[in-house]
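Enquirer: Keeping the supplied structure of chain A fixed, place chains B, C and D upon it in accordance with the hints.
As they're listed, the protein sequences go chains A, B, C and D.
Using our numbering, you'd call the opening residue of the first sequence number 32 and step up by one each time.
Using our numbering, you'd call the opening residue of the second sequence number 32 and step up by one each time.
Using our numbering, you'd call the opening residue of the third sequence number 32 and step up by one each time.
Using our numbering, you'd call the opening residue of the fourth sequence number 32 and step up by one each time.
Accuracy of the hints is not assured; some may be wrong.
[Unchecked claim] The list that follows gives simulated cross-link-like pairs (lysine-lysine, DSS-like), each with its CA atoms no further than 27 angstroms apart:
hint, chain 1, residue 1, chain 2, residue 2
1, C, LYS278, B, LYS278
2, D, LYS278, C, LYS314
3, C, LYS287, A, LYS222
4, A, LYS302, A, LYS278
5, A, LYS278, C, LYS278
[Stated by the list, open to error] Facing chain D, according to a computed beta carbon distance under 8 angstroms, are these residues of chain A, among others:
hint, residue
6, PRO46
7, LEU52
8, THR56
9, ASN62
10, ASN65
11, THR144
12, GLY146
13, GLU147
The hints are simulated quantities; they were obtained by calculation from the structure and are not laboratory data.
Every residue gets a Cβ at the ideal spot worked out from N, C-alpha and C, and that includes glycine.
Protein chains: 4
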Amino acid sequence: MNIQRNTAILLMHCPDQQGILAAVTEFINQNKGNIVYLDQHVDYEQNVFFMRTEFDLTNFLIPRDKIKEYFNTLFAERYQMEFSLYFGDQKPRMALFVSKMSHCLFDILARYTSGELDVDIPLIISNHEDLRWVADKFGIEYHVFNITKENKEEQEAKEMALMKEKGVTFIVLARYMQVISEKMIAEYPNKIINIHHSFLPAFIGAKPYHAAYARGVKIIGATGHYVTTELDAGPIIEQDVARVNHKDTVQSFIHKGQDLEKIVLSRAVEKHVERKVLVYQNKTVVFN
Amino acid sequence: MNIQRNTAILLMHCPDQQGILAAVTEFINQNKGNIVYLDQHVDYEQNVFFMRTEFDLTNFLIPRDKIKEYFNTLFAERYQMEFSLYFGDQKPRMALFVSKMSHCLFDILARYTSGELDVDIPLIISNHEDLRWVADKFGIEYHVFNITKENKEEQEAKEMALMKEKGVTFIVLARYMQVISEKMIAEYPNKIINIHHSFLPAFIGAKPYHAAYARGVKIIGATGHYVTTELDAGPIIEQDVARVNHKDTVQSFIHKGQDLEKIVLSRAVEKHVERKVLVYQNKTVVFN
Amino acid sequence: MNIQRNTAILLMHCPDQQGILAAVTEFINQNKGNIVYLDQHVDYEQNVFFMRTEFDLTNFLIPRDKIKEYFNTLFAERYQMEFSLYFGDQKPRMALFVSKMSHCLFDILARYTSGELDVDIPLIISNHEDLRWVADKFGIEYHVFNITKENKEEQEAKEMALMKEKGVTFIVLARYMQVISEKMIAEYPNKIINIHHSFLPAFIGAKPYHAAYARGVKIIGATGHYVTTELDAGPIIEQDVARVNHKDTVQSFIHKGQDLEKIVLSRAVEKHVERKVLVYQNKTVVFN
Amino acid sequence: MNIQRNTAILLMHCPDQQGILAAVTEFINQNKGNIVYLDQHVDYEQNVFFMRTEFDLTNFLIPRDKIKEYFNTLFAERYQMEFSLYFGDQKPRMALFVSKMSHCLFDILARYTSGELDVDIPLIISNHEDLRWVADKFGIEYHVFNITKENKEEQEAKEMALMKEKGVTFIVLARYMQVISEKMIAEYPNKIINIHHSFLPAFIGAKPYHAAYARGVKIIGATGHYVTTELDAGPIIEQDVARVNHKDTVQSFIHKGQDLEKIVLSRAVEKHVERKVLVYQNKTVVFN
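Isolated chain A (complex conformation) (with noise of 0.2 angstroms):
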C-alpha cells in the first residue's frame, strides 16, 4: 500500500562510521532524487548502522539501471555496505505453502484479492488437497505435492522449478505442517516467512497449544519468521499475544491463537512486501 511506484527502495547496513547518513543522503539530493522515506537505526553494541531509504527517481540523474552498480561503485566498498536496491513498480511474487487450515491462507487472499498486499500470488502449494476449493474460490493455482519422507527431496525439487518457473521471488507458509529442507532454504534465504503458533522461544516444535496448556501459561502468542535451518529458530519478524485464563481450553487456545496467527503472519508479510525488513545475526531491523 506505501510503495510509491517510480522509487527505488534501498536497504542497507555498514559498519558505522561518521558521514554515512550525511553521504547517502548527499549522494541521492545532488543526483535530484527525492527522499520521500528514511529511516536509520543505529546498533551501537555491534557498531553497525542500518537504513532504509526510498527516493522518487522522477528527476534522478542515473538511469534506472545503472543505480545499483554506481551505488557499489560509491558506496559499497567504501564502506563495507551490504545493500539491497528494490524499485516501487516491481511487486513480489509470493508462492503460499498451506496443509490443512484455512485461516491464515483466507486472511492473506482477501488482503491480495482487495488490493491491501502489493503482491502478485502465482500459485499455492499444498501437501494435501484440503485447501483447493479455497484456491478455487480465489482462482488462483493449486499444485498438490503430497510429500512423504522418502520423496521428500525429489518433491521439493519439483516445486522449486514449478516456482522458478512461476518467477517466484519469496515463500509464506499459511500453516504448512511440513519442515523446509536445507536446500529450500539455501534457495530462498530470508525470503521464507514462517508462522509459528507460539510465542517463540517458547513451545518450539509440534503442538504448541497443547504445550502452553499444560504449562498453564496466562498468555498465548504467535511468532512470524524467516525459516532458517535450525527448527523455528529464524529471525523473528513479528509476535503478538493474546490473554488466557483457566477457563480456557486447549480448543479454545487453538481458536484465540488463529486469529493472532493470520494477523500477525499478515503484518510479518506485508512488511517484508514493503521491503522493510533487514536480517542482520539472525535479528531483524524492522522499519516503520
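Expert: Coordinates of chains B, C and D only, in the frame set by chain A:
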C-alpha cells in the same frame, strides 16, 4: 482491598459431579450465611470442580471455630473435596526476600504502606546489605543472611526459624537472586511467590533479558509464579508483556522489563493475599 | 464452535436473592439435565443476578417444547426473572450489511465457510454494488438497496420484509455506512451488531480515524456494540486497541484499524452466536 | 538513564526540504562531534522535518557556550528551524504536585531515589497535608498551598515564586486534583505533565472511571499529556490501557487504573526528562 471483614472464604476443588454447587450453596444459605462472592469453574477435561466463595458470617448459625469441621464432615469426605478455609479478618503475613534491585520492593512497600495491600510485612530478608536503606525508610526490619554454597542450608534454617517466630504465612521473592532450597519450599508449599523476568517458559534461568535480546524477540515478558523444586517451572499466577523493537538494547529490555516485573509481581501477590488462587496439578485457577 | 448439539442454553437475570443459583441448578439436576456449562455473575451494586447455563437434554425429563413454560412458571414469576432459552441445534441466521470496504466481510465469510462460525448467512444486503464480487465468490445472495434520504424508510421496509422471508434472527453491520432507523432497531432489539472504528466513547460519528489523528492519540481502537437509537451509544460487547505513534498517518491509522475492526467484530459476533451476551441497562455481561 | 554526560542534545523541526538532515549531520561531523543518537521524522502531510540528535562534545570544535549561537546563525534562520539545545549534564528540576493519592507519587519517588530517573526534585507541592508523610520518608520538602476559588491566583503566584527560587524547570501533576490556571501554564509551556485517568479524549473531566463504568467499556486507559489551557486537551505523550469486564466494579476500575496511571505518568516523565518529546501543533513526536 476486597476482603470483607466478617467473612469466611472457602477455596475448594473435587471431582465434578451433579449437584455439588447446589449442595454447598444450600448449606451456606440454610445456615444463614450470606454469599457475597461466588465463582466456580469446571475443568471438563480433568472433570474437576473448582469453587471460591466468600460468605458473611454475621448471622451464620455454625460457630466460626466449627465451620472447618462441619465442612469436612459434610462435604470433604463425601465429595473427595480438598478445601481451604480462611477468614476475612486474618491478615496474611509476608516475608519479603530481596537482593540488590529495588523496583519490586518499592512497589510492594508503597502498596503496603498506603493500605492498598491487605497484609502484614513483619520483615525483609536479604543476602545483601544494599537495600537496608529502603527498609529503613518504611520502618521494616531488615535481616541479612549472606548465602554461600557452604552455609546455605544453615542460613536457610535460620531464616525459617526467624519467619516462624514472626508468624510468616507466605514469602515473596522480589527479585531475590538465590535459588530456594527444597526444605524451605516444602515448608511453604504454594506459598512462595517469585517474579521471573521473562515470559515463561521462554528463557528459564539466569539473564533472561540478555537471552531475549540475543534471540531477537519483539515482545518481552514477566511471570509471577509459585516456587516449586523445579527451577522456574512452578504454577503461573500472572504474566504480562511489553513490545520491544530493533532500537532496544539489553539495557532498555531491562528497563522496560522492570515495570512489567513490579506490576506482575504485585498482581500475583494481591491475588494470593485475597485467597483467589487455587493450585491444581501445577496450574492455577485465579478467580476474579 | 462451543455450542453442543443436544443442549438447552439458558440466559437469565433477576434481582439477586439467596438460593437462586441453588434452585436453578437443582431443578436441572433433579430433572436429569447434565450441566455442561455454568457461569454466573452478581452485580452487588445493582443487586442483580446473571446466569448462563447450558445443559445436555439427552436424559432430561421435561420435553423440549415444555421447558420454557416450566421455567416461566417455576422461576420467572417467583424471582422476577427475565430469561431467554435457546437450543444448541438452532442456528442463528445472520444478515450481513456492507457498503464498500471488504475486510470485515471477508473475515466473517472466511470463518463462516470454514465452519468456525456456527451460523447460517442467507443473504448480504448493501447500499452499493461494490462488494457483489465477494458475495459471488462465497455463493451468497447479494441484495442492493440504494439509500437516499427520501427513500430510506421505504427501502428499509423492503429490507425487513426480505429478512423476515429469509428467517433472519440477527444483523451484522460489517462497516455498513448508513445509520439504521428506529423501526429496524425496534424489530431487532439487541440483535444488530455494529463495528465502530474507534475506541468508544471517543470519536463518535463519522471519520473517527481522522479525528484520532488530529487529536494525536497514541492508541487507536475498535468497538463492537449493539445498535440502539442513540448513535454509537449502544451496549459494548468487545473492544480492542493498537499502538500508534508519530510516524503513523491517517492512512496507517486506517490500515492498522482494519485489523482491529475485523477481529473485534468477529469476536462480538461469535459471542452473540454462542448466546453468551446478556444485555442489562445498556451494558453487557459477556460470559466466557 | 540514557543521557550521556558530555553530550549536547538537539531537538528541532522545520519545513521539510532536501538536504536538511545531511546539512546538520555534516555540520556536527565536520566539527568533530560524535553522533551517538539520531532519530528523525518527516510529516509528509504537513511537510515538516523533525529531528533529535545527541552528540558527544569531547572533541567538538565549537565551544559549548557558542553552539546555540552557531546553530541559530547557520540553520535556524536559513531553514526556518525551531530548535532546543540541551546538555547531558544539566539535570531537569521537577516540582511534583500531589493531592491525596499516593500511587503516582511513590512510583516517581522510587525511580528518583533509586537513580532510575535522572532529575532533581527540589520540592513537592500539595493542596493538602495528606501526603506529607511520604515526602518525609524520602526527605523532600513538602509545601502545602490550600486552594480555594478566592485565593487561587494568589496561591499559584506563591507557588511560582517558590518554584523559581528552587530552579524548577518542569512540573509533574501526580494526580493533583486542581485545574492549573493560565498564568502558570504560560510560565511552563509544554513543561507541565499531567496524568489523566482515562483514555483521552474519552471521559474528559472529573470522575472518568465512574463514567467509563456507566458506559460499560471493556477497556480502560490512562493518558499522560502536557497541560494546555483547554482541559484535558493538551498534547498526548503516552497512553496505555487495561482490559475490564462485567465482573469489574467502579472500585476495581479505580484499582486497575492506578497501575496504569503510575506507569503511564512515569513513562511520560522519563521521555520528557530525556528530552525525547517534541511538541508540534498540539501533538507530540516522541523519539525512541
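Enquirer: Work down the list of hints and note, for each, if the structure agrees.
Expert: Comparing the hints with the structure gives:
1. C:LYS278 with B:LYS278: OK: LYS278 (chain C) and LYS278 (chain B) at ~15 angstroms, within 27 angstroms.
2. D:LYS278 with C:LYS314: holds, 12 angstroms
3. C:LYS287 with A:LYS222: holds, 24 angstroms
4. A:LYS302 with A:LYS278: violated, 35 angstroms
5. A:LYS278 with C:LYS278: Distance of about 39 angstroms is beyond 27 angstroms: violated.
6. PRO46: Violated, about 15 angstroms.
7. LEU52: holds, 6 angstroms
8. THR56: Nearest chain D Cβ about 4 angstroms off; hint holds.
9. ASN62: violated, 11 angstroms
10. ASN65: Constraint on ASN65 (chain A) satisfied, holds at 7 angstroms.
11. THR144: violated, 29 angstroms
12. GLY146: violated, 22 angstroms
13. GLU147: Check failed: Cβ of GLU147 (chain A) comes no nearer than 21 angstroms to chain D, outside 8 angstroms.
Hint compliance for this structure: hints 4, 5, 6, 9, 11, 12, 13 are broken, all remaining hints hold.
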